[in-house]
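Starting from the known structure of chain A, fit chain B onto it as the hints suggest.
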Amino acid sequence: AQSVAQPEDQVNVAEGNPLTVKCTYSVSGNPYLFWYVQYPNRGLQFLLKYITGDNLVKGSYGFEAEFNKSQTSFHLKKPSALVSDSALYFCAVAPYGQNFVFGPGTRLSVLP
Amino acid sequence: KAGVTQTPRYLIKTRGQQVTLSCSPISGHRSVSWYQQTPGQGLQFLFEYFSETQRNKGNFPGRFSGRQFSNSRSEMNVSTLELGDSALYLCASTGLAGRETQYFGPGTRLLVL
Numbered sequence: 001a002q003s004v005a006q007p008e009d010q011v012n013v014a015e016g017n018p019l020t021v022k023c024t025y026s027v028s029g030n031p032y033l034f035w036y037v038q039y040p041n042r043g044l045q046f047l048l049k050y051i052t053g054d055n056l057v058k059g060s061y062g063f064e065a066e067f068n069k070s071q072t073s074f075h076l077k078k079p080s081a082l083v084s085d086s087a088l089y090f091c092a093v094a095p096y097g098q099n100f101v102f103g104p105g106t107r108l109s110v111l112p
Numbered sequence: 001k002a003g004v005t006q007t008p009r010y011l012i013k014t015r016g017q018q019v020t021l022s023c024s025p026i027s028g029h030r031s032v033s034w035y036q037q038t039p040g041q042g043l044q045f046l047f048e049y050f051s052e053t054q055r056n057k058g059n060f061p062g063r064f065s066g067r068q069f070s071n072s073r074s075e076m077n078v079s080t081l082e083l084g085d086s087a088l089y090l091c092a093s094t095g096l097a098g099r100e101t102q103y104f105g106p107g108t109r110l111l112v113l
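If you read the sequences in order, they're chains A and B.
Quick note: the first sequence, position 101, residue 101 per the working numbering, numbers continuous.
Quick note: the second sequence, position 28, residue 28 per the working numbering, numbers continuous.
Just chain A, with the same shape it has in the complex (with noise of 0.2 angstroms):
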């Protein structure tokens, strides 16, 4: 079965200090690879996505992640966190001909 894990519930980093939030899934298949923010009160907000090529992603916002096939994980990363970077991220894989599965969400807190 497909599956996308977010091991950290939750994630503190000082605004200014690099942050991550980690990703592992579990697809058959070369998976298409996705991160989605979500504001309060909001819907889900598409950053960025692995198709296929280079491992590292840009995204928007300054957000990148990085693909790592043998360790089968996504990781979002950004070099410098600001306060308006607190939100909940969510991971998600789209395996081919079935549904998106996302994770169950990181919420991460940049405290000033």
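It should be emphasised that the hints constitute simulated quantities derived from the structure, not laboratory data.
Note that the Cβ used here is the ideal one computed from N, Cα and C, for glycine as well.
Hints are not guaranteed to be accurate.
Unchecked claim - Calculated lysine-lysine pairs in the DSSO-like style (CA-CA distance at most 30 angstroms, straight line): (1) A/Lys69 <-> A/Lys58; (2) B/Lys1 <-> B/Lys57; (3) A/Lys77 <-> B/Lys1; (4) A/Lys69 <-> B/Lys57; (5) A/Lys69 <-> A/Lys49; (6) A/Lys58 <-> B/Lys1; (7) B/Lys57 <-> A/Lys49.
What the hints assert, rightly or not - Short, incomplete list of chain B residues facing chain A, as computed with Cβ under 7 angstroms: (8) Gly42; (9) Leu43; (10) Phe45; (11) Glu48; (12) Asn56; (13) Leu90; (14) Arg99; (15) Phe104; (16) Gly105; (17) Pro106; (18) Gly107.
Chain B alone, transformed into the frame defined by chain A:
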């Protein structure tokens, strides 16, 4: 382009009632997916429609149903509401079904009393 719109944004219903939620995808998008988001269960897939046909269905009881119209607008219906149906219902659209990026609407928050 206008984004995905969902109506209504908020709903309060009582147990046993039924509810219909609406989703208008991004212009030109033909696939609409629906999700239920709750604090305990996270994001759970309900169903996906493409060109008026249901392509995938999640593990929800038959009380949850949906449809898509020829203009790609979609509705989902929940009959005989239960307290546990209280959730944020999100719809997402893509140009084609499959693994394209999904773009989400703001959601409809349903409260069942």
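Results for each hint:
{"no.": "1", "hint": "A/Lys69 <-> A/Lys58", "verdict": "17 angstroms, holds"}
{"no.": "2", "hint": "B/Lys1 <-> B/Lys57", "verdict": "28 angstroms, holds"}
{"no.": "3", "hint": "A/Lys77 <-> B/Lys1", "verdict": "29 angstroms, holds"}
{"no.": "4", "hint": "A/Lys69 <-> B/Lys57", "verdict": "29 angstroms, holds"}
{"no.": "5", "hint": "A/Lys69 <-> A/Lys49", "verdict": "15 angstroms, holds"}
{"no.": "6", "hint": "A/Lys58 <-> B/Lys1", "verdict": "23 angstroms, holds"}
{"no.": "7", "hint": "B/Lys57 <-> A/Lys49", "verdict": "24 angstroms, holds"}
{"no.": "8", "hint": "Gly42", "verdict": "5 angstroms, holds"}
{"no.": "9", "hint": "Leu43", "verdict": "4 angstroms, holds"}
{"no.": "10", "hint": "Phe45", "verdict": "5 angstroms, holds"}
{"no.": "11", "hint": "Glu48", "verdict": "6 angstroms, holds"}
{"no.": "12", "hint": "Asn56", "verdict": "5 angstroms, holds"}
{"no.": "13", "hint": "Leu90", "verdict": "6 angstroms, holds"}
{"no.": "14", "hint": "Arg99", "verdict": "4 angstroms, holds"}
{"no.": "15", "hint": "Phe104", "verdict": "4 angstroms, holds"}
{"no.": "16", "hint": "Gly105", "verdict": "5 angstroms, holds"}
{"no.": "17", "hint": "Pro106", "verdict": "5 angstroms, holds"}
{"no.": "18", "hint": "Gly107", "verdict": "5 angstroms, holds"}
Every hint from the earlier list agrees with this structure, and none is contradicted.
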